[in-house]
Amino acid sequence: MNGRSAWKYQPDTPIPLVELTGWSLEGFRIETMVLFPAAIPKAFSQWQVGYPDIDGRPVEVVRGINAGQSPVNFYFDESGPLVRLVRWTETGAGPVPVQIDYSDYREVAAVKMPFSSIITWTNGQSTIRPRDVKPNVSIDDARFSIPQTR
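Numbered by our numbering, the letters in the sequence shown go through residues 56 to 205 in order.
Honestly, the hints are just simulated from the structure, not real lab data. Treat the hints loosely; a few may be bogus.
[Said to hold, decoys possible] Here are the simulated DSBU-like cross-link-like pairs (lysine-lysine), alpha carbons at most 35 Å apart as the crow flies: (1) 63 x 189; (2) 167 x 189; (3) 167 x 63.
Because the structure is a prediction, the values reported are computed rather than measured.
Let's have the full structure, built from the sequences with the hints guiding it.
Here it is as structure tokens:
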């Protein structure tokens, strides 16, 4: 993602590089926003709050709503960290949910970061577990250009 466009690299598929557009691009923007939470309060025009349970643990769910877009649910543990995000992608067949469960929070430069994310969608699931997170690392702008495939 370069701030205006994003793509997904899927090796060993007939179309290895897919540009994200529409609801897919919006979903990626929301997922990225979680890494920079100061932007979340300004990202939605309306908010709703509820108090469900996840696996028997009480959580607070905060639903962000914008006119003409699917809502986004943010689930927070009693102690504060985000434990789940649920967003919907609009498709020709209707809305499709994407759920991300966050856990294994560790402190990185005085900020708690999740070291485990499980992403679940209609026909699959991925787990992300970084070995290390380094803050304020200089990254060459070329890394944000569309990748070249073989």
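So, going through the hints one by one against the coordinates:
1. 63 x 189: Holds, at roughly 23 Å.
2. 167 x 189: Distance ~12 Å between residue 167 and residue 189 Cα, so the pair holds.
3. 167 x 63: Holds. Residue 167 to residue 63 sits at ~27 Å (cutoff 35 Å).
Violated hints for the displayed structure: none, as all numbered hints are satisfied.
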